[in-house]
Amino acid sequence: MLPIEKVQELVGYRFPPGSYKIEHWENYLLTEATAGHHSSSVYAHPSFLFHAPLAAVGLNYQEIFDLCGAESADAVRAGEYDWEIFRTLEEGVEYQAQGQILSVDRKEGKQAGTFDAVVFAIELSDSGGIAACATNTWLFLRTEPSAEETSS
Amino acid sequence: MSVMIGDPIPTWSHGPVTPERMALMAAILRDPNPIHFEPSDNVEAGHHLRINQGPLNVGYVANMLTAWAGPDSIKRLKVRFVANVFEGDHIEASGVVTAVAEGSEEATAECDVRLVRSNGDLLLTGTAVVRTLGITDNR
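Note that the protein sequences, when read in sequence, are chains E and S.
Quick note on numbering: the first sequence equals residues 129 to 280 in the numbering used here.
Quick note on numbering: the second sequence equals residues 281 to 419 in the numbering used here.
Treat each hint with caution, since some may be false.
[As the list claims (entries may be wrong)] Here are a few chain S residues that face chain E, going by a calculated C-beta distance under 8 angstroms: (1) Leu309; (2) Asp311; (3) Pro335.
[What the hints assert, rightly or not] No more than 25 angstroms apart at the CA atoms, straight line, and that leaves these computed lysine-lysine pairs for DSS-like: (4) Lys235(E) - Lys134(E); (5) Lys149(E) - Lys355(S); (6) Lys149(E) - Lys358(S); (7) Lys238(E) - Lys358(S); (8) Lys355(S) - Lys235(E).
Simulated from the structure, these hints should not be mistaken for lab results.
Yeah, the Cβ is synthetic: ideal placement off N, Cα and C, and Gly gets one too.
The following block holds chain E by itself, in its conformation from the complex (with noise of 0.2 angstroms):
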């Protein structure tokens, strides 16, 4: 299992500037996958507050893993999501983003057992200002080590 020690040292890290657009098509198929209603308006779905500011920072899935230092793509759940629109998002508007990690618990659940919980939080901004901050909690879940690697 990864020390504590040294998954706490992602507090502070900062995720590399960059911007995002959200494009029709990802906006009509995004719907689509949550059964939503197309809206006839430009306003992206709010489950955007997901997706852009990740890939506004230019990170993938599985770069944010290795980062986490998740033991396997399936080791991770969601665990909170605190999205904040100050603007709702709209298909076509270029988004600034900037965001960084705010803090990493290692915890105990019933189901999960040892897991970090890794919060960061992300804003995207417009020519406006600040848009939308969306800070997300993701658990990565950690194994014990077995008894061989332990006594190795």
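Go by the hints and put chain S onto chain E.
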């Protein structure tokens, strides 16, 4: 239409949750996690079912809120994931108004929101703040 504390938000239902929509979401998100698109051993469920993405589960709650108050109505959405949604599940998003505010520029409502499986399992819980100007039918 004015909104009052205790008003229920019209529920939003969906089902069954399909592997096709999960696969579509995985492709959009570039999410390599196989639990969303490959059948596999799943101890929690006891059978081989794909697990829905978190952003889809939140998306169901968002769909309820935007169907009620409009596509640009959400000011804040804060959720905690309680349990997984699996392929084949039927889900229902619901909510209730817990506070209202009438500002000079906009009126807002604070709401408790939740997502449940058709068997009653709680899947997600949270709070939301929405602009209420676009609400035309609240009951």
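Looking at the structure, which of the earlier hints fail to hold? Violated hint: only 8; rest satisfied.
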